[in-house]
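Please arrange chains B, C, D, E, F, G, H, I and J on chain A, whose structure you already have, making use of the hints.
Number of protein chains: 10
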Amino acid sequence: MIEVVDNQYPEKVYTVNIEFPEFTCVCPKTGLPDFATIKIEYVPGKKLVELKSLKLYFISYRNVGAFHEHVINKILDDFVAACQPRRASIVGEFGVRGGIRTTVSAAYPSK
Amino acid sequence: MIEVVDNQYPEKVYTVNIEFPEFTCVCPKTGLPDFATIKIEYVPGKKLVELKSLKLYFISYRNVGAFHEHVINKILDDFVAACQPRRASIVGEFGVRGGIRTTVSAAYPSK
Amino acid sequence: MIEVVDNQYPEKVYTVNIEFPEFTCVCPKTGLPDFATIKIEYVPGKKLVELKSLKLYFISYRNVGAFHEHVINKILDDFVAACQPRRASIVGEFGVRGGIRTTVSAAYPSK
Amino acid sequence: MIEVVDNQYPEKVYTVNIEFPEFTCVCPKTGLPDFATIKIEYVPGKKLVELKSLKLYFISYRNVGAFHEHVINKILDDFVAACQPRRASIVGEFGVRGGIRTTVSAAYPSK
Amino acid sequence: MIEVVDNQYPEKVYTVNIEFPEFTCVCPKTGLPDFATIKIEYVPGKKLVELKSLKLYFISYRNVGAFHEHVINKILDDFVAACQPRRASIVGEFGVRGGIRTTVSAAYPSK
Amino acid sequence: MIEVVDNQYPEKVYTVNIEFPEFTCVCPKTGLPDFATIKIEYVPGKKLVELKSLKLYFISYRNVGAFHEHVINKILDDFVAACQPRRASIVGEFGVRGGIRTTVSAAYPSK
Amino acid sequence: MIEVVDNQYPEKVYTVNIEFPEFTCVCPKTGLPDFATIKIEYVPGKKLVELKSLKLYFISYRNVGAFHEHVINKILDDFVAACQPRRASIVGEFGVRGGIRTTVSAAYPSK
Amino acid sequence: MIEVVDNQYPEKVYTVNIEFPEFTCVCPKTGLPDFATIKIEYVPGKKLVELKSLKLYFISYRNVGAFHEHVINKILDDFVAACQPRRASIVGEFGVRGGIRTTVSAAYPSK
Amino acid sequence: MIEVVDNQYPEKVYTVNIEFPEFTCVCPKTGLPDFATIKIEYVPGKKLVELKSLKLYFISYRNVGAFHEHVINKILDDFVAACQPRRASIVGEFGVRGGIRTTVSAAYPSK
Amino acid sequence: MIEVVDNQYPEKVYTVNIEFPEFTCVCPKTGLPDFATIKIEYVPGKKLVELKSLKLYFISYRNVGAFHEHVINKILDDFVAACQPRRASIVGEFGVRGGIRTTVSAAYPSK
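Residue numbers (the UniProt record's numbering), protein chains in the order written: chain A, 1 to 111; chain B, 1 to 111; chain C, 1 to 111; chain D, 1 to 111; chain E, 1 to 111; chain F, 1 to 111; chain G, 1 to 111; chain H, 1 to 111; chain I, 1 to 111; chain J, 1 to 111.
The shape of chain A in the complex, shown without the other chains:
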């Protein structure tokens, strides 16, 4: 579902940061919506992620039930499978729930 385009500078080790402040999914326990800002940083390999398809991929979570910790790991796995980067990391900053603000961070390869 995440599409890619050719990286014209595949021999260069450079970094792309993507920030999506409009991520939303559903709490699997309460059915209430959760909101997050998703930040991805990756060093491209031979492919770049196509941003429009990435946006649609994020939107596909809109009615999906998912725990904070698991959805971030799932997105990272899908992202890495799609564009096979040299390195990638992801941060999900979720809105306050019950007075608690939660942020989940994961990286590929796993440190």
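Keep in mind the hints are simulated off the structure, nothing from the lab. Accuracy of the hints is not assured; some may be wrong.
Said to hold, decoys possible - Computed cross-link-like contacts, SDA-like style, restricted to lysine to any residue with a CA-CA straight-line distance of at most 25 Å:
1. K111/B to T15/I
2. K74/J to P10/H
3. K55/I to P33/B
4. K47/C to K55/F
5. K39/H to V13/J
6. K55/D to Y61/A
7. K47/H to Y108/H
8. K111/H to N17/A
9. K39/I to F67/B
10. K39/I to V13/J
11. K12/H to R101/J
Below, chains B, C, D, E, F, G, H, I and J alone, put in the same frame as chain A:
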């Protein structure tokens, strides 16, 4: 008292940040309330901390007398015992008292 | 409970602002703690509010169940009764609950 | 759908501000999600809005297609019908679309 | 060029704010590009401005030479002609040139 | 003690703002130091306040015991006596004491 | 020295704000440099101020000795004489001297 | 096109940061303009980049179609070719498109 | 003069930060007051610093003449002598004097 | 021209930061003034820099023509010659010129 759930990505080394700005306990000398923001960062092992139980754990300090330095070490010990993380750290940012602002930081394993 | 001292400039129309970021009471429905910053602005009459007693008055709500809208009106009534100001207003900025942030504002005399 | 509770200070003219940063609906032209922060300010009459039901009312727009200008007027109408305030106003701050940020503000009674 | 859609609440006096941080035109003296954030506030009449067409209208200035003071008045005239609002105002915040930052504000009807 | 110089534009109604963030005096009850930022705004008459003498005047409070509300009124009286302005106002923003932040504002002529 | 150009919208009552953060002159008592941000707001008449000439006018103060209060009134007089605006106001925010920050504001016509 | 001047301290290892917030090019897919802040940091060799020519180089992209990832690598290549620095890095912070903010970072020599 | 209490977690390597924004002493050359924010970070040994006594220690400098660089080293020496920490560092951020802002930082053991 | 005083703690490795936001010189090409904030950090040897003389040294550049990159290296050389620090670094943050903001950083000993 702090409950846990299974980590679906136990083989991954990833990080969870939790911020609770509504911590309050009581000064053991004056009996007056103290307020703090508690920040916990941990790398999960086989378990994730369940946030609702963590909130109730924090609330249980509401009428407890405790020095700043000691309460932060106590919370870290309880947190580590509950979820056995690979690593964990805690910061407690206390409100101004007598013109002095105090922050206490501890880590597991102790550096 | 709120004590007063003499205003040495009773003939002057001047303003005193008081900000107390550490107000806490209890939600009457859930029993969970609520937190607020209380801001009072008043034009003194013959008396000034004594701040230490005001702090203890605020702390007396710590284990009291109260709706946001009602506790703010109650504090204003008590404040006016204690120091009989020319004018007074109060704002209570409560922490996020269920994704909603609530602020309640009242004034004496009621506009 | 928006529930109310009795205002214990109905004779007082005071103000309640409510801020909900997690509003989302769907663009009726593209089907893509829109996001907004909704701010309501009202002077209660005999009734106060019950916040939990207000949150569920906001969430009911999650999969509804609606233009920015119209959804804000619709929410104001529903809010006024539910709690019959002395005065009410609403602001909807929508996220950037096509490089343009839009904010819609309405008031009751219409000025 | 600026298109409109029907206002479903034409009898209501409400306000729409539009912010476009990516306006650019060309300095008529030096030929160098100028940049501005354009902010429009209007009270709709029977029509609402369609945002996509407004964006394209803004973009049409990309290679046009225009003084700061004049381009803002021109945009306001075109905007008013297109949607015939009850009221409208415009602010153009231009980037620093020669150490001077310039902002131009105009309103309809002219005060 | 506050010195003045001639105002070369006595027929003009213009405003001078002065901000002094380093005011300190002593609490008359505890003997502990208090700190404040003092802000004065005045419309000069025939005289302007000389800033160096004003600074020394502020410093003269360093070891003086004074309540917040009274010291601000005293400074305003001295300031008005020294330079006979058309109008003057003063704000004293005091540091947090016992979790409470106090600001005192007064004006000449008294509103 | 301040040059003007024709206002193409002389019948419109609109506002131009100019901010120049790099004003410097010399203290007439100590010979040390003073620094200020100058902000001018004016409603043009038949003429607009040409910005490059205004910048050179500001620079002409670089080695001139001038009190804060007087230089701001002088600039306003020169500005009004040059472009004969419907209204104009000026604010000069000077850097900290002896721990005191001074701002001077004047307007034409004098209120 | 990027011109250089002699570095008078070629034996010193020091750093120059350049920030250009007014970069604009065109999206090769939609033809719509893109905007970015470009930040360059370099350690000069025998030459310094002449800033006016660098500005004109940036402006030359105004009507050029280019993907975010590729234009940043292209600018870095041109910059390095022009001034042969000891080290250089570039960051391009692009405006929000489709709710996604993208930043691209590259360095010479490629890490 | 700086008192200590027992550290209940002496085997743990954890950190305490203390911030005191109300430090004041006197310039030994001019006799004018100086102001600073003092920040101390230390890793406790067997003792914790008692905050009330630390505040009184800070206040004891109120009428003492001291250069910025020397007073910070003196406070660090006294602090280390009192509580014998594993590590300690101190930062003193002094107010602007003559347009210059000075910060002094020292550490134990000296790096 | 930069004077020094004895460092009473010469055996300690500690750091002094100095920030001067009012630096100005002249562009050697256009003759127009340039403005910068100068930040110096140094680890003193046997001498401390006397701040008043440093201020006068900075002011001596007021009518000197100098390129950004060169003036920063020159100041560092003079500073090191005057006080012979263990280490020193300097940052000059210059105002926007032609839409470009430039910062120059150098260090002793050169890395």
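Structure-based check of all given hints:
| no. | hint | verdict |
| --- | --- | --- |
| 1 | K111/B to T15/I | 11 Å, holds |
| 2 | K74/J to P10/H | 13 Å, holds |
| 3 | K55/I to P33/B | 20 Å, holds |
| 4 | K47/C to K55/F | 31 Å, violated |
| 5 | K39/H to V13/J | 34 Å, violated |
| 6 | K55/D to Y61/A | 21 Å, holds |
| 7 | K47/H to Y108/H | 16 Å, holds |
| 8 | K111/H to N17/A | 17 Å, holds |
| 9 | K39/I to F67/B | 20 Å, holds |
| 10 | K39/I to V13/J | 18 Å, holds |
| 11 | K12/H to R101/J | 22 Å, holds |
Of the hints listed earlier, those the structure fails to meet are numbers 4 and 5, in rising order.
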